[in-house]
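Q: Read off the chains here:
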Amino acid sequence: MGDLDRAIAQLRACRLIPETQVRELCYKARELLIEEGNVVCVDAPVTICGDIHGQFHDLMELFRVGGDVPDTNYLFMGDFVDRGFYSLESFLLLLCLKVRYPDRITLIRGNHESRQITTVYGFYDECIRKYGSANVWRYCCEVFDYLALGALVLGTSSELEPTGLAMNDSTQSTMPIDDVELETEVLNSKGEVTYSSYRPRQSASSDTSAENRNISPSGDIPSQAPLRTGAPGTGASGEGGGSYSSRTGAVLCVHGGLSPLIDTVDKIRLIDRKQEVPHEGAMCDLLWSDPDEIDGWGLSPRGAGFLFGGDIVKQFNYRNDLSLIARAHQLVMEGYKEMFDGGIVTVWSAPNYCYRCGNVASILELGEDTSNGGTVTRSNGDYGRSNGVMTGDKPGVRSPGRRYRVFEAAAQDTRGMPAKKPVADYFLPSQQAI
Amino acid sequence: MCPRNSHVPTFTMEKSTAASITAEKPHSISVQGFKITTEKRPILKAEPIEDMTKRLGITPPEMIFGDNFVSIKHEKSSWGINFNAFDALDRVDKTGASMLKVAYSKEWQRSSREKTHEGIKEVVKPFDWSYTTDYTGTVRADNRSFEPTTKTIPLELLKRPDPILFFDEVILYEDELADNGITMLSCKIRVMPARLLLLSRFFLRLDNVLFRLRDTRVYIDFESLEVIREFQSKELDYETVQQTLATTRDDVPAVMRDPNRLSEILPLREKRLERISLED
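So the sequences go chain by chain: A and B.
So the first sequence is numbered by the UniProt record's numbering: it starts at 1 and just counts up by one.
So the second sequence is numbered by the UniProt record's numbering: it starts at 1 and just counts up by one.
In short, the hints are calculated from the structure, not lab data.
Backbone N, C-alpha and C fix where the C-beta goes; we use that ideal spot for every residue, glycine too.
Among the hints, erroneous ones may be present.
Unchecked claim - Distance ranges between label pairs, derived from CB positions: (1) A:194 - B:261: 44 to 50 Å; (2) A:319 - B:271: 54 to 60 Å; (3) B:258 - A:266: 43 to 49 Å; (4) A:319 - B:208: 36 to 42 Å; (5) B:160 - A:190: 48 to 54 Å; (6) A:72 - B:261: 16 to 22 Å; (7) A:129 - B:243: 23 to 29 Å; (8) A:132 - B:252: 15 to 21 Å; (9) A:275 - B:246: 27 to 33 Å; (10) B:247 - A:194: 45 to 51 Å.
Please model the complete structure; the sequences and the hints are all you need to start from.
A: What follows is the structure in structure tokens.
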């Protein structure tokens with residue numbers, strides 16, 4: 001067993017590795033990350049994860065639910081550190097896995113992967129507490145500067161392979177359904193299907209698409225699936241109306257969202273990323289901005305940061321041959337939230353956030369399109385490089401089949417955790433006079 | 001400090017034994033004709049958040065514990081006071097008139113506007129996103145109302161180590177201000193055999209801008225049936241707090257997260273005292 005494997009085993013047990021080993025690990029990680037572009041290309045299948053925030057035991061639960069590295073190909077969208085009590089263990093484990101299995105795990109930068117933010121929100125203090133100096137914090141911050149800003153998932157399948165395990169299997173039919181395909185599926189941590197949605201299958205010849213559009217699912221389909229307009233937070237509709245192009249577009253993954261300075265994925269590729277997250281500009285926006293129910297762009301009421309509406313997402317996706325933007329950054333009670341007709345999704349992977357919110361978390365699995373014998377369509381987010389299949393006024397690429405695995409906080413070793421039951425304290429009235 | 005196992009004949013206690021947060025029922029105690037109930041649930045789901053957004057007219061905080069509450073009821077007079085997130089948020093400025101700006105806002109706006117062709121200037125739905133509230137609890141309109149008083153909450157009586165029959169702390173809302181600090185409204189209550197004290201505290205730290213505390217205390221003497229409510233507002237700019245702490249040997253970041261310590265530093269801006277008698 002090599003040093004790295006030993007370090008992985010130790011970190012999996014939530015035990016830290018020596019400082020000298022951290023230094024070496026961070027050095028290796030930087031060497032690896034420097035070779036990655038600002039936008040990493042990742043082939044499906046892939047499992048996309050949102051914020052972790054130092055919730056180590058929940059990261060272990062995530063791996064239990066989603067499968068282990070390297071069996072499962074992972075993409076983490078940043079915010080590994082701060083807030084939780086085990087930022088070091090969480091980040092170092094992910095980094096070890098990255099160095100050990102570079103093409104099975106992708107790490108992109110979140111707004112918390114920054115010197116300034118980590119000094120305020122816990123990671124710096126944790127490093128001092130656990131290592132006695134700021135050295136490890138410095139090594140980690142140097143790695144942060146090399147993390148990619150985004151990822152592009154290619155070769156996704158528009159249709160999910162059903163997982164089979166249904167909650168109430170009396171309604172489940174194994175009959176082949178020729179005219180619809182499974183678009184979204186939500187599973188609980190036991191692997192039971194709690195929700196599924198279907199859409200008309202794309203037909204071989206385009207002239208039949210008009211018939212498909214108004215398809216109403218028949219009784220053969222699992223009863224909970226059709227006729228509902230989507231799970232909470234899902235833009236999916238059981239009534240179809242999906243697009244009819246011949247393939248799925250790429251999926252752009254970024255921590256925060258879009259930037260008014262970025263209209264093509266290529267512009268992300270031009271950023272000089274190897275620096276502290278700036279307070280403004282394209283790089284800042286990608287890590288900080290939020291989608292909102294507005295038209296166009298808006299300023300956050302806080303006086304800094306952009307908000308972007310559904311029209312911005314539609315334009316950006318169309319222009320860049322994208323079928324979906326996956327992002328993290330915002331807490332969502334259900335673990336995921338699709339917005340703007342499924343054009344963007346927020347994935348949140350820190351259950352019971354800050355050990356007190358009581359929310360569930362999720363990860364998003366995108367399957368591999370095997371219909372072309374595994375050949376990946378080069379829909380790589382480049383403006384003007386589309387292959388001409390999309391014509392007329394029915395543009396847009398077909399969105400990938402999306403499987404959300406929802407999970408709850410791990411039953412964990414509660415040492416060092418805030419007590420769930422508050423300790424009674426003799427708080428007093430203020431003694432201050434006016 | 002745990003409540004001693006004392007002989008107190010006049011109260012009953014119901015406590016949920018469920019381990020999961022989601023399954024916790026309200027905690028409740030009845031003592032001397034008063035019923036005190038607290039409810040702690042997870043943050044709201046998407047649908048109730050949407051509903052609340054519509055009813056409030058502003059975006060609720062990121063962590064909204066909309067099902068949580070602390071309620072005190074006097075059974076005989078049917079007077080009661082309740083602390084909940086919705087009513088507290090309903091008192092947040094919804095116009096944007098008292099809107100704060102994050103520390104780097106000027107720098108950000110200048111450079112972002114220079115570089116952005118479209119010139120995005122419009123602030124989306126302006127409101128006081130710090131969620132500052134002067135909420136002092138919800139009292140039903142048909143109830144007796146508070147009147148001003150000079151009578152203060154009796155500190156000496158509350159310093160006594162009387163057994164605590166019931167204690168709870170409930171968060172109503174919290175927001176990380178997009179990593180520009182913290183804003184939080186929480187409510188804690190301790191019930192002793194002869195009296196109770198509730199503290200509802202709004203705490204805001206806007207990094208490199210300011211600190212703010214809004215405290216509401218409700219004191220009830222079970223014997224005299226007198227309710228005293230005190231509201232205090234404290235505020236100080238970030239730099240002054242930093243300078244004050246620099247002269248001490250304290251762990252500065254820790255103090256900056258601790259409203260109890262900050263309460264000693266921030267100067268009082270406003271104080272109001274009110275009372276109600278629940279006697280017949």
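Q: Check each numbered hint against the structure and report the violated ones by number, ascending.
A: Numbers 6, 10 - these are the hints that the structure violates, sorted from lowest upward.
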